[in-house]
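Going down the list, the protein sequences come from chains A and B. End of the first sequence sits at 345 in this note's numbering; the numbers just go up one at a time, nothing left out. End of the second sequence sits at 64 in this note's numbering; the numbers just go up one at a time, nothing left out.
Don't take every hint at face value.
Within a straight-line C-alpha distance of at most 25 Å, the following computed SDA-like cross-link-like pairs (lysine to any residue) qualify [as the list claims (entries may be wrong)]:
(1) A:Lys136 x A:Val78
(2) A:Lys161 x A:Leu145
(3) A:Lys249 x B:Ser25
(4) A:Lys249 x B:Leu33
(5) B:Lys43 x A:Ala275
(6) B:Lys7 x A:Lys249
(7) B:Lys43 x B:Met26
Hints in this document: simulated from the structure, not taken from any laboratory. Just so you know, these numbers come straight off a predicted model, no measurement behind them.
For reference, the chains in residue letters:
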Amino acid sequence: MAQNDLVIANQSFPSFRSDLNSALQAIQTTHSGTSLPTGALAGQIWLDTTNATSPTLKFYDGTDSISLATINYTANTVDWLDSSVTITGLSTTATGTVLTLTDTAHTTSVNMILGNNTALRFNELTANGSNYIGLKAPASLSADLTFTLPSTDGTSGQFLKTDGSGNLSFASLSFATPLAVVGDNVAGASIRLPEDTDNGSNYVAIKAPDNLASNLTLTLPSADGTSGQVLQTNGSGVLSFAGVSSETKVWVNFDGTGTVAIRQSKNVSSITDIATGRYRVNFTTSISDSSYALSGTAGDATYGTNAGYITPDHNSISTTSIEVACWNYLGQVFDSPLVSVIVHR
Amino acid sequence: MKRIIYKNLDNSVSIIIPTDEALQSMTIEQIALKDVPANTPYKIVDVSEIPSDRTFRNAWEYVE
Numbered sequence: 001m002a003q004n005d006l007v008i009a010n011q012s013f014p015s016f017r018s019d020l021n022s023a024l025q026a027i028q029t030t031h032s033g034t035s036l037p038t039g040a041l042a043g044q045i046w047l048d049t050t051n052a053t054s055p056t057l058k059f060y061d062g063t064d065s066i067s068l069a070t071i072n073y074t075a076n077t078v079d080w081l082d083s084s085v086t087i088t089g090l091s092t093t094a095t096g097t098v099l100t101l102t103d104t105a106h107t108t109s110v111n112m113i114l115g116n117n118t119a120l121r122f123n124e125l126t127a128n129g130s131n132y133i134g135l136k137a138p139a140s141l142s143a144d145l146t147f148t149l150p151s152t153d154g155t156s157g158q159f160l161k162t163d164g165s166g167n168l169s170f171a172s173l174s175f176a177t178p179l180a181v182v183g184d185n186v187a188g189a190s191i192r193l194p195e196d197t198d199n200g201s202n203y204v205a206i207k208a209p210d211n212l213a214s215n216l217t218l219t220l221p222s223a224d225g226t227s228g229q230v231l232q233t234n235g236s237g238v239l240s241f242a243g244v245s246s247e248t249k250v251w252v253n254f255d256g257t258g259t260v261a262i263r264q265s266k267n268v269s270s271i272t273d274i275a276t277g278r279y280r281v282n283f284t285t286s287i288s289d290s291s292y293a294l295s296g297t298a299g300d301a302t303y304g305t306n307a308g309y310i311t312p313d314h315n316s317i318s319t320t321s322i323e324v325a326c327w328n329y330l331g332q333v334f335d336s337p338l339v340s341v342i343v344h345r
Numbered sequence: 001m002k003r004i005i006y007k008n009l010d011n012s013v014s015i016i017i018p019t020d021e022a023l024q025s026m027t028i029e030q031i032a033l034k035d036v037p038a039n040t041p042y043k044i045v046d047v048s049e050i051p052s053d054r055t056f057r058n059a060w061e062y063v064e
């Protein structure tokens, strides 16, 4: 470690020899010292040894000393300090390989390190703007993590998956175990099937009940049913399509007294008050044919528990309506306060 | 509440009482078109215009 002003003055031979050796030693040690060498000239490079184990190589421009790199004696590495340094040919005019990182001493590739959570950026075409795609590490990592890319491309629609050790490969979507929708049911864990996005953002969702005593698996039918069939279970979760053997197509409960009032109904558009104790029940949706069964009652307040009954007008039975008459237990047509008419098919 | 009234061929009077379920999907005019016999004039009236005393129900007449 030596410095010298590199000026040999007129002097005696011993002094000259000493001064010359000092100058040569300064050159040998790259003007090592803790401050700029005395008499330094613009363009001189010197080594600032303020940090004895990691000195800084500096360039003197005639006024200031510009730090070029820090030389780490322990790790035997060089850290170039000015991040704005550009290397002509690396990113502009080169047509072949522009950068290869190789440790020639060990004949193996070395790592490129982007420190302090910085990103590797891929710019779009300059003519299109200055946006980029960046890749970067998480801000915090508990251990080193290296992803190794696949050695070959996948096929259309495949996705990248990991083997759990950082080795990535392309694979098709498949499930060796049942697909699970993970989440809190209250928060809406469900399978959602969205409508055409051109029409909006609504969806059909399938979700489990909020509370289940045990696992429940429903197995869908292997084939479609016919029109009008319904899904039924075999009691073990196996579903199938089946026809409905019979069902109540029409029912109505009304008060046939006064101005006539309908209490509740199914598939009834209206009641026609025709005459004393005679009413027509008009169906909202027609029944497939008129071979249906009719039942009903005509409550009789006058005679207490002696319930009345209804009879159909056989000439009126149609797929769109039916006329009924209410009879009391004396066999008289009367206005019943509690008429029930039910049509089964 | 509304009612639909019309005269039968024997000059008796029929009164149509729409259900609530039907009124949720149809207007009373649509119900009249569906449930009044074809080509039969009808009239939509308020229920208050219908007598509540049915003693002589079969003698009611439809006055146009």
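Checked hints:
1. A:Lys136 x A:Val78: Distance of about 24 Å is within 25 Å: holds.
2. A:Lys161 x A:Leu145: Holds, at roughly 15 Å.
3. A:Lys249 x B:Ser25: holds (18 Å)
4. A:Lys249 x B:Leu33: holds (22 Å)
5. B:Lys43 x A:Ala275: Given that 25 Å is the threshold and the Cα spacing comes to 18 Å, the pair holds.
6. B:Lys7 x A:Lys249: Given that 25 Å is the threshold and the Cα spacing comes to 29 Å, the pair is violated.
7. B:Lys43 x B:Met26: holds (17 Å)
In summary, the one numbered hint that this structure violates is 6.
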